[in-house]
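Chain by chain, the residues run as shown.
2 protein chains.
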Amino acid sequence: MRQVFDLEADRVPTHWYNVLADLPFEIPAPRSAPAVNGERKTLNPQLPLSMYRPSIGRDRFIEIPEPVRAEYQRWRPTPLYRATRLEKELDTPAHIYFKYEGTSPSGSHKINTALAQAYYYAQSGVKEMITGTGAGQWGTALSMACHPYGMECTVFMVRSSYRQKPYRGTLMRMNGARVIESPSMETEVGRAALRADPDSPGSLGIANAEAIEYANARKEARFSIGSGENHVLLHQTVIGEEALLQMRLAGEFPDVVIGAMGAGSNFAGITFPFYRAAREENAGTRFLAVEPDACPKMTRGRYVMDYTDYSGMTPMVKMYTLGHRFTAYHIHAGGLRYHGAAPIVSAMYDKGLMDATSYSQSRVFECGAAFARAEGLVPAPESAHAVTAAIDEALKAREERTERVILFNLSGHGLLDLSAYETHLAGDTVDVVPTDEQIQASLRPLIESP
Amino acid sequence: MRQVFDLEADRVPTHWYNVLADLPFEIPAPRSAPAVNGERKTLNPQLPLSMYRPSIGRDRFIEIPEPVRAEYQRWRPTPLYRATRLEKELDTPAHIYFKYEGTSPSGSHKINTALAQAYYYAQSGVKEMITGTGAGQWGTALSMACHPYGMECTVFMVRSSYRQKPYRGTLMRMNGARVIESPSMETEVGRAALRADPDSPGSLGIANAEAIEYANARKEARFSIGSGENHVLLHQTVIGEEALLQMRLAGEFPDVVIGAMGAGSNFAGITFPFYRAAREENAGTRFLAVEPDACPKMTRGRYVMDYTDYSGMTPMVKMYTLGHRFTAYHIHAGGLRYHGAAPIVSAMYDKGLMDATSYSQSRVFECGAAFARAEGLVPAPESAHAVTAAIDEALKAREERTERVILFNLSGHGLLDLSAYETHLAGDTVDVVPTDEQIQASLRPLIESP
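Line order of the protein sequences matches chains R and H. According to full-length UniProt numbering, the first sequence is numbered sequentially starting from 1. According to full-length UniProt numbering, the second sequence is numbered sequentially starting from 1.
Derived from the structure by calculation, the hints contain no laboratory data. It cannot be assumed that every hint is accurate.
When chains are identical, the list treats them as one kind, so a pair holds in a single copy or across two.
Stated by the list, open to error - Cut-off 30 Å, straight-line C-alpha distance, at most; resulting in silico cross-link-like pairs (DSS-like, lysine-lysine):
(1) LYS127 - LYS351
(2) LYS396 - LYS88
(3) LYS88 - LYS351
(4) LYS219 - LYS351
(5) LYS351 - LYS396
(6) LYS318 - LYS351
(7) LYS88 - LYS318
(8) LYS396 - LYS127
(9) LYS219 - LYS396
(10) LYS396 - LYS318
(11) LYS219 - LYS127
(12) LYS219 - LYS88
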């Protein structure tokens with residue numbers, strides 16, 4: 001049975017797909033925070049217009065700049081596999097396909113947007129890119145993307161990850177980046193956080209707030225973000241566009257498309273092109289976002305206006321959120337720790353076009369390890385959430401004795417996350433789930449504010 | 001400029017290449033150790049005849065069994081890249097190509113032979129594979145290869161690596177293997193080593209000796225080895241056969257083909273097919289094996305009969321060796337720590353058909369890091385030796401103002417070796433080189449014995 005569906009390098013998509021063209025509704029506009037004592041505290045990250053405009057317009061297909069596509073061709077098209085061994089071990093009539101983004105130089109899908117952003121920023125004269133990173137996948141990708149354009153790269157890395165995953169920092173430094181443990185003494189946000197708690201483990205919100213402050217203080221430097229924003233989702237559709245061609249090669253169309261849910265870019269990347277195709281073909285395909293129980297923004301959050309960063313310096317957007325000060329504890333999948341869901345994904349979920357579910361950390365590692373054993377590829381803890389949902393769909397198909405075509409995005413490898421798997425093998429994985437009271441408390445300021 | 005030379009999945013070679021068919025001389029036969037007090041101590045690892053025979057015969061092409069080829073197709077053909085950014089940074093007229101084996105599930109070329117061996121052993125009724133591993137690349141590959149055949153896998157892992165690289169063990173355990181720290185209490189060899197030195201860091205020689213003893217004591221279990229033997233070299237020629245097709249796509253033929261030199265399998269894998277093609281075309285191509293200064297078997301060893309394991313239980317073979325009790329110290333490239341060179345590679349080197357050089361560890365990490373920055377791929381410390389020689393060849397081409405086509409094998413990624421790169425970034429890499437006296441002392445028993 002055929003297991004690999006490869007495309008030739010000249011089949012790398014020439015266009016990204018803009019899902020806004022096919023949505024029968026508008027996405028609520030962002031809103032700047034009100035001035036306090038006559039002072040506007042909103043710091044608006046300045047995006048190159050050439051990058052920003054297509055991501056808010058209605059053009060269905062956006063041409064990928066040739067230099068970006070040439071970079072993609074270094075490792076894209078990524079493979080689409082059929083997980084025949086996993087099917088056999090689950091004894092399921094389902095057909096399980098997965099798109100594998102772990103073959104990229106950075107080891108995950110993040111580099112798809114990092115390269116595009118580096119290109120647009122370099123074109124607009126920027127000399128230095130600043131960002132925050134949690135688990136480190138995004139910082140790794142951005143540091144790699146800056147190098148070919150001769151841009152410097154500075155990464156504020158969440159302290160807990162910086163210390164638990166030292167090799168992510170090594171990788172970024174090898175790519176020429178400056179990696180700063182966050183909270184740091186380099187920014188007012190960082191200094192305040194350290195004054196409040198010298199032992200602060202940091203958070204992605206703080207790291208991003210530091211990066212924004214730092215970038216705003218420097219000429220020719222810009223803050224860049226790795227998920228959530230429209231343009232990031234747009235860049236990631238290269239994943240789904242390829243998978244669409246590859247599923248045609250396989251001669252099947254998915255009944256369900258699954259992605260792990262951080263802020264939404266890998267999920268959008270795999271699902272949006274299938275959303276278009278399913279509409280065109282009346283296929284009735286389900287789109288399933290998978291979150292950790294520890295950070296259930298879609299399944300337990302509220303669809304309200306909220307800030308995208310911890311300190312509330314960014315414009316507010318309408319999204320499913322747990323509140324921008326929500327903290328997820330003891331979660332190995334650092335990339336899924338973000339408090340909100342991308343505005344486009346949130347709006348589609350609100351209209352019933354997308355579905356969501358959540359799993360406990362221990363179940364996720366159990367399924368991730370089972371997948372690794374069967375297929376020989378170790379999923380990143382984030383991607384293991386998608387694996388878990390795919391396994392559950394396959395088990396349902398077995399119960400119901402129905403064929404079901406399942407596609408999921410294996411968004412990255414877990415070779416730098418083996419300590420988390422070691423914890424799983426030792427039986428020490430911890431499941432921490434927020435209480436209703438905690439979520440309500442975290443959401444209250446948003447719901448009560450005008 | 002084109003940077004990637006991809007082949008379609010149906011171009012995975014159908015045959016391995018047996019270089020013995022094209023050698024104008026015989027390889028000296030192995031010799032069992034003499035009986036001591038009437039007792040033969042030689043333990044002959046039992047190879048399946050179907051695997052062994054083609055590797056000592058004169059048939060030029062050996063068909064790859066279809067199930068093995070199907071496994072190869074899961075990730076092969078691996079990409080061939082032109083390192084255009086590295087060329088630019090070196091400001092060299094040379095064209096630098098590299099074959100990248102790091103895209104395999106195990107992260108290195110080792111799985112090419114692991115899958116073939118698992119197939120042949122399973123066919124011959126074996127239920128359990130036993131091996132020793134140093135750095136862990138081989139143990140990882142074998143543990144992955146056993147799973148599809150339902151075979152158990154037991155890996156004796158050198159204690160120093162077991163402790164310094166705990167995640168290699170995690171990866172093997174995730175693949176269902178039993179991983180035993182060596183020296184262990186499970187074998188006579190291990191118990192003796194621990195009696196002699198309770199704090200023994202272990203060695204690949206001891207680990208292999210333990211694995212052989214352990215396998216011999218169990219029914220339906222066999223000891224398997226990851227490099228050096230003829231059949232292993234044969235299986236790795238799939239690398240060079242693909243590279244040959246890919247260099248044709250690129251429209252060039254290499255002036256020099258480079259591989260890191262452990263026992264010789266990745267070096268043979270990339271060079272042997274080019275040796276054939278260069279003969280056919282009178283191309284005058286050089287074949288360059290690269291060793292660490294810390295373990296200079298080819299550049300400073302002797303071509304004599306020696307054991308392949310530490311305890312002298314295996315048959316002796318004629319090879320370039322530093323003596324089977326030679327110990328290389330403070331070397332991050334654990335895969336290059338072996339005391340000898342494969343008999344076929346040794347014989348070809350002796351006849352002047354192959355060339356060899358060696359580098360200091362600090363230079364190797366400097367070049368490995370420079371390559372990673374330029375090309376976005378972190379080389380395994382072993383592979384970084386090939387990178388270093390390629391950079392030197394490119395620098396020579398710049399001095400001599402000549403075009404030169406360089407091909408090297410990037411045999412694996414270094415994502416599980418980032419601690420060694422961290423040591424490099426901190427300026428703490430140590431260079432330990434054996435003295436002439438040490439090498440002479442280690443070789444003396446071999447040269448003085450009949």
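Against the structure, the hints:
{"no.": "1", "hint": "LYS127 - LYS351", "in the structure": "neither (41 Å within a copy, 55 Å between copies)"}
{"no.": "2", "hint": "LYS396 - LYS88", "in the structure": "within (15 Å within a copy, 54 Å between copies)"}
{"no.": "3", "hint": "LYS88 - LYS351", "in the structure": "neither (37 Å within a copy, 51 Å between copies)"}
{"no.": "4", "hint": "LYS219 - LYS351", "in the structure": "neither (42 Å within a copy, 63 Å between copies)"}
{"no.": "5", "hint": "LYS351 - LYS396", "in the structure": "within (26 Å within a copy, 64 Å between copies)"}
{"no.": "6", "hint": "LYS318 - LYS351", "in the structure": "within (14 Å within a copy, 74 Å between copies)"}
{"no.": "7", "hint": "LYS88 - LYS318", "in the structure": "neither (43 Å within a copy, 47 Å between copies)"}
{"no.": "8", "hint": "LYS396 - LYS127", "in the structure": "neither (52 Å within a copy, 33 Å between copies)"}
{"no.": "9", "hint": "LYS219 - LYS396", "in the structure": "neither (55 Å within a copy, 41 Å between copies)"}
{"no.": "10", "hint": "LYS396 - LYS318", "in the structure": "neither (34 Å within a copy, 60 Å between copies)"}
{"no.": "11", "hint": "LYS219 - LYS127", "in the structure": "within (9 Å within a copy, 65 Å between copies)"}
{"no.": "12", "hint": "LYS219 - LYS88", "in the structure": "between (57 Å within a copy, 29 Å between copies)"}
Hint compliance for this structure: hints 1, 3, 4, 7, 8, 9 and 10 are not met, and every other hint is.
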